[in-house]
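> For reference, the chains in residue letters:
There are 2 protein chains.
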Amino acid sequence: MKIIFNKTLFIRLMENINLADIKTPDDIRSMSIEELTKLAAEMRSALIEKLAVHGGHVGPNLGMVEAVIALHYVFDTPKDQIVFDVSHQTYPHKMLTGRMEAFTDPAHYDDVTGYTNPEESKYDLYSLGHTSSAVALAAGLAKARDLKGDSQNVVAVIGDGSLSGGIAFEGLDYGATLSSNFIVVVNDNQMSIAENHGGIYADLRLLRNSNGTAEPNLFRSMGYAYRYVNYGNDLKSLIEMFRSVKDINYPVVVHINTMKGMGLPIAEADKETFHYSGPFDPKTGVSANAEPAKDAPEDYSEHFAKSMLRRMKENDKVVTITAGTPGVLGFDKERRQDAGRQFIDVGIAEQAAVDVASGLAHGGMRPVVGFVSSFLQRAYDQFSQDIALNKQAATFVVFYGTMFGMNDETHLGFFDISLLSNIPSLLYLAPTCKEEFDAMLDWSIKQTKLPVVVRIPGTTVLSNPEIKLLDDYSKPEYDIVREGKDIALIGAGLMFGAMSQAADILAKQGINVTLINPRNLSTLDTATLDSLKNYKGVITAEDGIIDGGYGQKVASYLGESPVKVMNLGLPKEFLNRYNYSELRNACGLTPEQIAGSAVELSKM
Amino acid sequence: MKIIFNKTLFIRLMENINLADIKTPDDIRSMSIEELTKLAAEMRSALIEKLAVHGGHVGPNLGMVEAVIALHYVFDTPKDQIVFDVSHQTYPHKMLTGRMEAFTDPAHYDDVTGYTNPEESKYDLYSLGHTSSAVALAAGLAKARDLKGDSQNVVAVIGDGSLSGGIAFEGLDYGATLSSNFIVVVNDNQMSIAENHGGIYADLRLLRNSNGTAEPNLFRSMGYAYRYVNYGNDLKSLIEMFRSVKDINYPVVVHINTMKGMGLPIAEADKETFHYSGPFDPKTGVSANAEPAKDAPEDYSEHFAKSMLRRMKENDKVVTITAGTPGVLGFDKERRQDAGRQFIDVGIAEQAAVDVASGLAHGGMRPVVGFVSSFLQRAYDQFSQDIALNKQAATFVVFYGTMFGMNDETHLGFFDISLLSNIPSLLYLAPTCKEEFDAMLDWSIKQTKLPVVVRIPGTTVLSNPEIKLLDDYSKPEYDIVREGKDIALIGAGLMFGAMSQAADILAKQGINVTLINPRNLSTLDTATLDSLKNYKGVITAEDGIIDGGYGQKVASYLGESPVKVMNLGLPKEFLNRYNYSELRNACGLTPEQIAGSAVELSKM
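Chains as they are written, first to last, in numbering that gives the first Met the number 0: chain V, 0 to 603; chain F, 0 to 603.
In case anyone wonders, no lab produced these hints; they're calculated from the structure.
Keep in mind that the hints are not guaranteed to be accurate.
Remember, identical chains collapse to one label, so a pair may be satisfied in a single copy or spanning two.
[Unchecked claim] Straight line, CA to CA, 25 Å or less: simulated SDA-like cross-link-like pairs of lysine to any residue:
#1 K78 / T447
#2 K390 / D145
#3 K37 / A213
#4 K484 / M603
Let the hints inform the model, and build the full structure from the sequences given.
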């Protein structure tokens, strides 16, 4: 017997894995389980090191290191196609597909986005940041493969938390009709962003507790073959399972039981806080740059949560509703407990959040739903049909409705004005400060005639104790904060501040302009606008896209008058990781720029 | 033993039921099964008589006569609350709740809408015309009841076809978390509008075939107790079952097996045609007023289906997709068979339709999805994230995007321009005639860079052989059809016709205006608009709401120019059963009115 000394293998076995050597998944495909295990450990260490200084999606990525390795190990990516739902598992994926440096070298930490991104890599099929779509997208890819007579594997990876979104169900329902290879990996880490809510989670628990053998079985009832991996962080189990379903010729769900936050004790212990986190001390979990300073300014989430707790105590008909993002509403665990049954989390299910609010309002309750701007668009039909058409007096608070919020292309807060303000019977309010926010919310909860949306930025609160508040916001009634002539500045929501500063700048130049807070973005105060018809110019500014927005309503209404109208706002574009002040400048939204525009308009 | 002669009872037993005596559900609650059976027969006869001359939702209502009687018989309506999904079962409900005359007296046939309507009756909780929302709405009502400490039954009635919609799943998932009375009646008539599509339908079949005993069981897997009624048109079985779940204190699904179209042989035999039908001969099923005249004008559905069949034959990469409404796309059974695997029905699941199209486009296919204007809004997030942001070159055809389409408040085709044209990277085209429609569709299918939406009205096709067609519609390039001066008329889509006629009227008065077909509603042709800046006036007209629409973009762009801009279109309102010509007149959209407005503008 001749023994050939394999130098490469010897070195590999002797040394730790060098992450820098991993350029493509091919580089891991000849590794042994032991090597892959080392690889996982090193990737996890690198991830923790980066996350601690950089922040990001901590728990979901740490829990999926082994599964992502196993997927790329078993499947022939990029020929085999993997769609990662909402991209919350894609840091390990990026590490294995040519972007390792972005996780090992601080100088390159920002080279990659936090989401899959086809512009970064051919291994990334979609730019995804909203949950629950991966199964339907993958089903479309599988159908294309079948129609073309190709033969690659198509895999969707989706978390248990994302399963509650309606599009996940629609995708599963359609995917089950494929008579061909279709593999859905359900990453069950027993968590949504916060804890899970919904009837399906009892079934997932039953399946976990029975090692996948119990009935009823949601996935089998939808037409899928079903496999279960109890040790979803064990490479050997995962690889064996993925090998067993590779090239399968019918739809199958592979349910893997993983640990969110694995390898970082604080993240394992507090899964909600470490779903997404800013920089933190990996030992203590204390946020590195959010020392709770006594005089730290309150943000709108904090302000909202505190005021809602008060309102709920004062009135047992008031309920606060979230669709899986309680933290955005400022409701941490303690506050949720404090609110008791008056706080409702429907899970990641924006459509249900709106319809449940509609039912609650119909039943005499006073529901207040909080949404991230970018996510509320998942429930447009429910806003239109079940709230507005049916005139159900529910209140909706739009968080991060602003250019100063999340700046990933998948999470932009630019579109909600054009989306919601054009729905009939839906009142869209934009407070300019916390006092106005409180007054609008108090009024909306008190009244029982109208559905109301209130839009706030994801910034620290502004205060303006001198703001003129109304007892009733149902009719459009602009606040003429300063009365001047020739030029009127109408600043909606957060943009009122810049307009007010522009008015100050102009005043110093001896130009007295009219300054208006419109309050209401869905219906024009035509009496006030009529009074501007013989002005030289009107400038509107809003913290959202100009197209379909508030300013265009003003331009249209004043279109037949001599007054010139200039609409300021954001471009209709999917910007990605933009720089806030550059964007503001590019849009002419600084006070100085606005003042300059006013001077120009007055000379036209 | 003393026998008291009960005259009322005697008469009841001897005579047929007099439908006119049924004013409220109380009037049926003391009836015997025999009487209820007679009642069902008479209601069914009346329904068929009305439907044959009036048209409406035939099959779904005929199949639910017994179940609706049993529901009102057992449950204490209106205290007990029943939400009927999409209202397709509500004719018998209306008959029992004070609106019998509208089904027995031709003079009153139009007194009621085709949907539940709270303005008609306190027994109608919602105005509903979009599928799949009833469970989530009822869950909200049940939650309100629990929070208030009330005790009524809350019942959602939903068809098997509607179950595929994501909001149905979200509602079921949330409803299962109620620890209280919550009754979901699943009306399984083995049909959607057309046949069902989706993995869950195999499970429903399994349950029917096993008399409800089989596993897996979708509803149990979601956390519901489960009951099955095999004879869902048998009053006794239904009443017993509903009695057994009345006042139950946990969520339960009652799965009833009914026959769509029951009692009308042609509707039983051809369930798809008789889901919704215009007037027909109840014996032959032949439509009373749609004699297939040789010279009958083609409508856009016919035109679309024929041209897509041709395209699919020419190119095996082209696929046509519907979300449960193949008839709207002109694809009857024969054409679906003709198209074979190139025709895809994902079931009532608009979100999946968009995402599957995204996957197909990504996989190199050329998908064309057809939607009813009012239903596409259910997939806004998928349009935004999975199509536009990801620049997937799928094509979408919007049917009934018009004021001349369905005029029920739940089915308005007014909102799609403002909804879709404000999404970045999504090209929104509005052809003015069939030749232009064909050219836009051909181009869109050929190109692989851009997602494209093409909007057509639900009218007969217009033909304009002289239309100037483009080889490439990706860049906004307005068609200046007639060059005049001072006044420009920009008519989008169907409104181009009225604008063109207005231009003719003006020409006869010696006023030569510029007439423009903008083709593209999502991006402005700024070069052409710049050439109008020194005009006296520009009038835009679109077949949709003005708010957030095309015209307001023009008004905004020209806002700083001397030219006056007038935007014509529809009001931002949920109109209900409006009169088409009255609406057109009220909006100033007749050629004469437009010509008058042009004259006025030119004098300003």
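> Confirm or reject each hint.
How the hints compare with the structure:
For a Cα distance limit of 25 Å, the shortest separation of K78 from T447 across copies, 21 Å, qualifies, whereas the shortest one inside one copy, 56 Å, does not. In this assembly of identical chains, the alpha carbons of K390 and D145 lie at most 25 Å apart only when taken from different copies (22 Å versus 46 Å within one copy). Taking identical chains as interchangeable, the C-alpha atoms of K37 and A213 are never at most 25 Å apart, the minima being 34 Å within one chain and 46 Å between chains. In this assembly of identical chains, the alpha carbons of K484 and M603 lie at most 25 Å apart whether taken from the same copy (15 Å) or from different copies (23 Å).
Going down the numbered hints, you'll see the structure goes against just number 3.
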